[in-house]
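> Sequence:
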Amino acid sequence: MKSQYNMFRIVAISFLVTVSVFISGCLKERESTGTAASTSAWFAGATSAKNLGGYPSAVKVSWARADRSTLGYNIYSLRANSSTGANEWTLVGAVDADQTSYTDSDSLSEGQVYTYKVQAIDATSGAEDGNTKQVSTVTFYGIAGVTITGKTTATVSLNGSTGAFDSIHIYAQPKNGNGTATLVATANGNIENIDITGLRSGVNYKFSARAYMSYLAAEDGNESFVLGQTYSDSFGSGKTSDTTYYYRGVLNFRGFGLAPNATSGPTGRQFSMTWLPFSNATGATKYKIVRSTTTSIDMTATTACTSTTTSSCKVCEVTGSPYCEDTNLAAPPQTYYYAISVIKTDSSGATYAEELPCQNSTDCSNMALYTVKAHVPPDYMVLVQRDAANYEMCMNINASSDPRRNQRCVYYGLGAVPATTGPSKPAKTYDSGYYDFGYNVMIDRYRVACNWTKTSATCGPNGCVDVLNSVDNSVTPPSNSVGSNGNIFYGHHKGWWLQDSCYVKSGGAWVGLSSTTSLTDAEISSAITNDPGPTNAKHRPPVSVFTQSAGSKMCNVQSTAYGTKRLMRRREYLVASPLPYIPGEAGYMSSLMAGAAPKNNLCDPDSYTPVTRATTITEWLAGTNSYISMNVGGNSLNAWDNYANLKPFIGSTATKECVSRFGIQDPLGVGTVFSDTFVRTSGSSTPITIQATTSTLDAGNSDHGSFHFNGTLGPYFYTTNSAGWYAYFGYATWGIPCGGTAATGYFIPAMGLPVCAWTLSSTQNMRKMSEYQLTGQMGTYPVNGTGDSIQYNVHMIATTYSTHSGLNSRYSTFWAGSTTRSYYSNLFCAVEAE
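For what it's worth, this note's numbering labels the leading residue of the sequence shown as 1, then goes sequentially.
FYI, nobody ran anything at the bench for these hints, they're computed from the structure.
Just so you know, even glycine gets a beta-carbon here, dropped at the ideal spot from N, CA and C.
Treat the hints loosely; a few may be bogus.
Unchecked claim - Pairs of lysine-lysine, DSS-like flavour, derived with a Cα cap of 30 Å: (1) K151 to K314; (2) K428 to K553; (3) K175 to K151; (4) K60 to K175; (5) K151 to K50; (6) K60 to K151; (7) K239 to K286; (8) K373 to K151; (9) K373 to K428; (10) K60 to K206; (11) K314 to K373; (12) K239 to K428; (13) K314 to K344; (14) K344 to K286; (15) K175 to K133.
Said to hold, decoys possible - Label-pair restraints from in silico Cβ distances: (16) S525 to Q173: 51 to 61 Å; (17) T47 to D242: 39 to 49 Å; (18) P56 to A218: 21 to 31 Å; (19) S525 to D242: 22 to 32 Å; (20) A217 to D98: 28 to 38 Å; (21) A331 to T147: 44 to 54 Å; (22) S365 to S40: 52 to 62 Å; (23) S321 to G177: 18 to 28 Å; (24) T243 to A537: 47 to 57 Å.
Using the sequences and the hints given, assemble the complete structure.
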């Protein structure tokens, strides 16, 4: 550019130039001039001339700033005089004193050598310094593009003609991981394309081409490059149409919030991931797991993750076993993305991890297809992760998972996708024709329990816990003479199913916890806990005998970093509750039946091993006692003897092996409350039928659609059968639950619904109940059609079948038919993470 000092410069050199120049009045950038040395060479001159590559040609001339005050710098190039043909120094540019480079791009020709010098202008005299330093380069358009042709091969295309150069050098430099440029090919003569071999698979390279001239004994030095990523074993070409990749996605992904008093499993924040071995894996296959807070994950990362790391960091490198744990997690709310790749060995013996695909461009948004998204759970909660949920449910649907789409699978049936992720969230849109759990959700690690006051001088020596009635079924709250406002009392009753066991002292009186309208949010919150308590003092009984609306309120008073807790949806429970029955996942139990995944004998209420129950509160509080039920005067308190279990305390050592594949302890039980709502449609008549409806507690959500237990679509309870309170389905002898026939043969796994008949196509992905070895029962309470509640259980078939035999499964459930019925006894709260 022209400098402000041009007129001063002209005066200073007027006697050194031709008369014609003097008459012109100014010096033009391309005008030829002769120069004479000034009195000294006080400026070091040009340091380099670099060809920039690309079209049109351009050369960047650089220098170090002069060590004295200057008006600026003149840049000259040796150019042929148009009249004489002789090379002369021609002014091609002038810049201010604060500049240290100039780019010459005016009519340069490819394949030509250009020589430059730079003169500094003294600020006092206006004279140029006398340095004679010259720098040269050759102009070359450089690389035009690259086409990846395989896992280790590519073809580079060049700009313009190359015949004027002695040779063309092709370099490949890994874009990530501070890799160095390596000469990968050399070519001579006029060429347009150069084939390259011997590259690393799955690496995103910067490819460049430089011209070599023996005259200069150097390359042109251009820094033009194009990006290209070789295909990989792990991810193929990265194109959505490519199915030749070995990555198979996650089998399970577990996430735990802080839980200092956990009975088994992690006590700190932890993710543990189990992935499906890559298609070509052997026992010697090495894997690398990298984490970031975005989907742009750099698999070359070598820095170990910490709880404060937000960029790409290394979590694990493992051989053979597809399992990794990450304990360096930030407090919630925190979202991480994980990527799993194989570690390869190149021709030199060096190891590297194949990178996530960028589809040979700077746009790497498709990296997300190969990442696993996880949220750090709040305290005493676990993560139910979308990909892992999809994989397990798709196994039940008997459909193949897509690892690039969160392990979803083809499915057209009921419960395919959610309408929303939570009551306060906007509607979601998903591709049709697939089962997709749809989001990450957090669920309580332990059932919500009564947080009874363990130390209270006004309650008694054992705190606020005592036997309230061991004689009859009378409703017997604690005496108002004991305890103080704010205390929480746990009481034992013979008729426990008729009344609360957990009470709050409010306004001088004890109020049952299910009376949520009579208690403040703060009082309800203080009365419940998910913390099982320290070792030898785990005596927190799950809340029981509450309504659906009361359960909702108990969840809603709890806040987390992700928002307010809410009731679980049954669709969420169905993927969160099964025990680890898939070979390869953490905690795998080979004795479990596929599909239903029932409790094992240590925690199944219908097949427990009899124990000696406490007869006094002192025995009940013993460190070795795991059960809520007592036996006082020969009467069972807070549990039925024949079924409906010896309920354990939350976090009890008795159920430490009864942990779901996502880490929920003791997750299965008929009385678990959901936000879903079914209403009775048969009135007082029989058969008794119920139908799904929208939930007032979940902003109108209804995952069950319009499913109807009416003897046509789903089974109903037909009171005239010989089985008394129950009509059986999936069982050939008793009951007539399907329009006069005794059995239903099909089942919808995604929503846990038995089907009598289905008028839609076979693409509904139903399964035969016999495949699961399932049977079920419909029931009503009270009997003879006067009640408004209905229950249906889906059991594993037991060796001997009776009213309450068989093993409870995740599909066993119960609907009270009204939000005012206090029939629920298991409460797990949830909060969506997205």
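> Each hint: holds or not?
Hint check:
1. For the proposed pair K151 and K314, the alpha carbon gap of about 24 Å is at most 30 Å, so the pair holds.
2. At roughly 25 Å between alpha-carbon atoms, K428 and K553 fall within 30 Å of each other, so this suggested pair holds.
3. For the proposed pair K175 and K151, the alpha carbon gap of about 16 Å is at most 30 Å, so the pair holds.
4. Proximity of K60 to K175 is assessed by CA-CA distance (about 24 Å); at most 30 Å being required, the pair is judged to hold.
5. Under the criterion of a C-alpha separation no larger than 30 Å, the hint pairing K151 with K50 is inconsistent with the structure, at around 33 Å.
6. Proximity of K60 to K151 is assessed by CA-CA distance (about 36 Å); at most 30 Å being required, the pair is judged violated.
7. Note on K239 and K286: the hinted pairing holds, with a Cα-Cα distance of about 24 Å set against a maximum of 30 Å.
8. With a CA separation close to 28 Å, the supplied pair K373 and K151 stays within the 30 Å bound.
9. The hinted pair formed by K373 and K428 meets the criterion: a straight-line CA distance of about 18 Å does not exceed 30 Å.
10. With a CA separation close to 21 Å, the supplied pair K60 and K206 stays within the 30 Å bound.
11. The hinted pair formed by K314 and K373 meets the criterion: a straight-line CA distance of about 16 Å does not exceed 30 Å.
12. Proposed proximity of K239 and K428 is supported: the alpha carbons are some 26 Å apart, at most 30 Å.
13. Only pairs whose Cα atoms come within 30 Å are accepted, and K314 paired with K344 is accepted, the gap being roughly 16 Å.
14. Restraint check for K344 and K286: the C-alpha separation of about 8 Å stays at or below 30 Å, so the hint holds.
15. A hinted pair counts as satisfied when its Cα atoms are at most 30 Å apart, and K175 with K133 does not qualify at roughly 36 Å.
16. Checked against the hint of 51 to 61 Å, the C-beta distance between S525 and Q173 comes to roughly 58 Å, which is consistent with it.
17. A hinted range of 39 to 49 Å for the beta carbons of T47 and D242 is consistent with their spacing of about 48 Å.
18. For the hinted restraint 21 to 31 Å between P56 and A218, the CB-CB distance of approximately 22 Å keeps it satisfied.
19. A C-beta distance of roughly 52 Å is found between S525 and D242, which places it outside the suggested range of 22 to 32 Å.
20. Judged by the Cβ atoms, the range 28 to 38 Å given for A217 and D98 holds: they are separated by roughly 34 Å.
21. In this structure, A331 and T147 meet the distance hint of 44 to 54 Å, their C-beta atoms being roughly 47 Å apart.
22. At roughly 59 Å, the beta carbons of S365 and S40 sit within the given window of 52 to 62 Å.
23. The supplied range of 18 to 28 Å is met by S321 and G177, whose beta-carbon atoms lie about 25 Å from each other.
24. Checking the proposed 47 to 57 Å range against T243 and A537 shows it holds: the Cβ atoms sit about 55 Å from each other.
Checked against the numbered hints above, the structure violates hints 5, 6, 15 and 19; every other hint is satisfied.
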